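*Asks:* Work out the full structure, taking the sequences as your base and the hints as a guide.
Here's the letter readout for the chains.
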Amino acid sequence: MLSFVAQRVLKGVIVLLAIVVLNFFLIRLAPGDPAIVMAGEAGASDQVFVKQLREKFGLDKPLPEQLFIYVKGVVTLDLGFSFRQQAPVAKLIGERLPATLLLTLTAFAISLTLGILFGTFAARFAGTFLDTAITVFALIFYAMPIFWVALMGILLFSVTMDWLPSFGYETVGANLTGLAHSVDVAKHLIMPAMTLGLFFMATYTRMTRASMLEVKRLDFVKTARAKGLSDAVIQRRHVLRNALLPVVTLAGVHSGTLIGGAVITETVFAWPGIGRLMYDALLQRDYNLLLGVFVICSAMVLTFNLITDLVYRLVDPRIEYAA
Amino acid sequence: MKQFWKSMLKSPSGVIGLVILLVAVSVAAFGPMLFPNSPWRMVQRPFLPPFTLSTVPLGTDALGRDIFAGMIFGARVSLLVGLVSTLVALIVGVPIGAMAGYFGGKVDDALMRFTEFFQTIPSFALAIVLVAILQPSIYSIVASIAVVSWPPVARLVRGEVLSLRTREYVQAAVVTGQSNSWIILREILPNALSPVIVLASLMVATAILLESSLSFLGLGDPNLISWGYMVGAGRTVIRQAWWITVFPGIAILISVLGLNLIGEGLNDALNPRLSREGR
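As they're listed, the protein sequences go chains U and L.
Take the first sequence: its letters are residues 1 to 323, numbered as in the UniProt record's numbering.
Take the second sequence: its letters are residues 1 to 279, numbered as in the UniProt record's numbering.
Mixed in with the good hints there might be a few duds.
[Stated by the list, open to error] Covered stretches of chain L, as calculated for chain U (at least 3 residues, CB under 8 Å): (1) 174-181; (2) 216-223; (3) 229-241.
Because the hints were derived from the structure by calculation, they are not lab data.
Since the structure is predicted, the reported quantities are computational estimates derived from the model, not experimental observations.
Built from N, CA and C at the ideal position, the CB exists for glycine as well.
*Replies:* See the structure below:
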């Protein structure tokens, strides 16, 4: 187990390094000389300043050396400087990361729980009205663009019903503390998390349903039934446990999509996470910040994939990991 | 072929999907001819509510532009981007997958590591970065959607080729001394086609969603109107004018739904063994 984890972590680090190298070349694809772009962003573009910037960021050195300097910087968590925001990129991301984690993890928990629940129901009552209703709803949610769901949520629950706040992380100027503050944040969290969760809920519902129907036909389920086990026990212990394997795999594959969805959700709801930061960077063409967020997103996805691999092993003890 | 249409028309999702796609394609193809209002021109007062004037059935946006015209012209962009980027993704993914599956060994290892690498990168974030750096245009959008959507194709094709490669008819072709490219193109790929077609129909749907999300964030082609752009433009005035965001969103929803249904119908028709029971 330990060597398996070590191996996976090593592989993740290698992939991350490759992404950092890719990032280095992407930033050089950006239009214009980086030093002049940076000088422009800093609001001063005289020759002396541009030359200083070139020296400071090693832009006067040969490309391989520049790459080395860049990779060394990222490894020591130096992601460059955002002239637009007048702060180091790493600091900006660090401030925003907790909000994004709160949002994505809540959305993930909601989607997985409800998705498995609905999928199980649909499979249990396959062919009935309940099954059809769940399947149709899942299909529709699966086809809705996230930004539109977000806006429809605002229209329904904020504008029309006035139940939930339509933007932000907490009520500005309320200065709440303790429990009242948590409740306030939770109120702000419900809509973004549900929005982000709906699409994935639909996916997990479909996957769970299909997978359960497939497992149900297998011989070991017949055996369990022949043994006289109750239907509930068979469903839970025999069918569901085996049917969850592809769902777990899918959850791992989806972590990247989840981050992408967070960019949109945070933008619509003005949620102060790294997704919103990415949008701001995009609007201001702040390439240092944009690519910094991109590297951190990739690191998050890699971490998430690693966790899924470990969970997979817990769910399915048959899998042996050759060291 | 006859058999295929028969089973395709037997599955309700396939039929509904085909009808939706047919409507969407005709709107994209003929709509602008029948309804030549430019989506960029001011035709009425701003914020005209829908269903008040028959010439502007769905109302106007914050600049007095016709929402209905925007939706018709937007259909072109959505369908075109969806289709072309999927084609490009297939052109990249199919050869990579076929080579990995056919040659195996080190070639397989190298190509699959490469594919996995692209699969690990968060796709939407990469698409945003690529379009932002290459500057928003229809070409950069198609290219970046293709870049993030080819890995599943490569993996699928590799799996298919891997299993077909050991079949006797392929072995026979090897023995008769056919060249590798002939065997891949003439013997293996035609038999690996059906799952690829199913995947491709779902990819068009995903590509439409991706394009609309990029346009929503302001990364659309500035010269072309698209559904995502319209929703994005109506976002700030949602409290005054709900219709600006609601209608284009419905258009996206219905097109994507139609393509997903076609995917399911194709799956039932082309892979009867894989189609799920209880439906």
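*Asks:* The structure should be examined with respect to each hint, and the outcome stated for every one.
*Replies:* Status of the hints after comparison with the structure:
Residues of the segment 174-181 of chain L lying with their CB closer than 8 Å to a CB of chain U number 0, which falls below the three-residue condition for coverage. With 4 residues having a Cβ less than 8 Å from any Cβ of chain U, the segment 216-223 of chain L passes the three-residue criterion, so the hint holds. Restraint check on the segment 229-241 of chain L versus chain U: 5 residues with Cβ-Cβ distances below 8 Å, three needed, restraint holds.
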